[in-house]
Amino acid sequence: MQKQIRLNEDYQNQLRQEIEEASPFISDVTPVDILKAEYADNFKFSDCFEALQTRYKTVRRLRRDGNCFYRAYLFQTFEHFIINKTDTKQYLRFLKAIEGSKADLMALGYDEIAIEDFYDLFVAEVKKLPDISPAEAQQHLLKLLCNKEEAVYLIMYARFMTACYLKQNSILFEDFVGDVASFCMREVEAVDVECDHPQIIAITNYLGVGVEINSVGPKGNLEVIKLPEDADFDQGFRAKLLYVPGHYDALYQ
Amino acid sequence: MQARCIARLKKEADDINKNFVGVLELQVLDDSWMKWHIKFTGAEGTVYAGEPYCLQFKFNNEYPIDSPEVIFVGTPPKHEHIYSNGFICLSILYSEWSPALKVSSVCMSILSMMSSAKEKKGPPNDSSSGLSHYKSPKDVSWMFEDDKC
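These protein sequence lines are chains A and B, in that order.
First residue of the first sequence? That's 10 in my numbering, and the numbers climb one at a time after it.
First residue of the second sequence? That's -9 in my numbering, and the numbers climb one at a time after it.
FYI, nobody ran anything at the bench for these hints, they're computed from the structure.
Every value quoted in this text rests on a predicted model; they were computed, and no experiment measured them.
Yeah, the Cβ is synthetic: ideal placement off N, Cα and C, and Gly gets one too.
Watch out, some of these pointers could steer you wrong.
Claimed, not checked - Far from chain B by the CB rule (all over 12 Å, computed), these chain A residues: (1) Gln26; (2) Ser142; (3) Phe185.
What the hints assert, rightly or not - Straight-line alpha carbon distances no greater than 27 Å define the calculated DSSO-like cross-link-like pairs of lysine-lysine that follow: (4) B:Lys128 x A:Lys157; (5) B:Lys0 x B:Lys128; (6) B:Lys128 x B:Lys111; (7) B:Lys1 x A:Lys136; (8) B:Lys25 x A:Lys157; (9) B:Lys1 x A:Lys157; (10) A:Lys157 x B:Lys92; (11) B:Lys128 x B:Lys1; (12) A:Lys157 x B:Lys125; (13) B:Lys48 x A:Lys157; (14) A:Lys157 x B:Lys0; (15) B:Lys29 x B:Lys92; (16) A:Lys66 x A:Lys249; (17) B:Lys125 x B:Lys68; (18) B:Lys1 x B:Lys29; (19) B:Lys8 x B:Lys29; (20) A:Lys157 x A:Lys45; (21) A:Lys94 x A:Lys249.
Kindly generate the complete structure, drawing on both the sequences and the hints.
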């Protein structure tokens, strides 16, 4: 059981710093054309972006820091509840899930003092949403979700709720992810770790807000995937996301 | 972030002083709350039974988002995942750290890792690891090869 220890060349830190300097956490809305230009060298993607333009007009780019899915999902979901004040049914379902999450996590063995700071902040921010005027949505959310303080806590709590659903329903996931507890440690709760389909299925089910993922298909075509697939989720709002391998951005009509 | 960090550390200190009496003995080393020593004794029925050890925790303002730096101070136990300079090869201290963990849960993981040892024996690469060049174990790129490490 020899432990190999190699020199850390600070490569990851350097990479992280370069990314930070190059892009904001969440950009302003930008015409989707920008994507076509960006991937112009990649012929495989060009059909996909042609098709995407017929569905969506603008995009918000997310920083590639491992949190892009969670940040985009929270941004669009919060934005929906600020702008669509009449969607009380889905909002109340969302709020109820969040308010119940501390008890759910503690039932799974999480310690109250380890999760309550995250929980308290998340609940408080979700309760504020109905009182924010639609005109202030963008300003409010860019401030809330683009910083190294509150935003880090909100995204971390989204990770805890993701782990919560995975553990509550471990029988549904263990064939895909192996031991669910260790999957959660490695792939959900670790800071800045990227998100894949099991995590997306978990958080969307837990919070009652689905996603529609527009992604590049195997032949370079546009593929639209809805998670969860259940038609129930089509009755309510779904966050609209663009997926290019390894990264999520937020789409707008 | 600092206010949140200190508030969390104070809650954890209360928790240790209240719920780990006779198991973990906490000493907060300075007014800034950022450096702790935790003393414990090797568990009965293990190769370290009755032996006193001391862990040092150093926190930064990003705690609990960022992991604490944890090393043994004084004489570290001879264990295949514990180096003679006090560094500990345990995934939850590095790549698998989660803010859902606490100081007490880290201590209990280390105690449990020690308790499963069958003999007192250091890491096979202890002398050749080059770890003495590092100021902090968090700067090392650890390779974790089994569940415990």
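Starting from the hint list further up, note which numbers the structure goes against and sort them upward.
20
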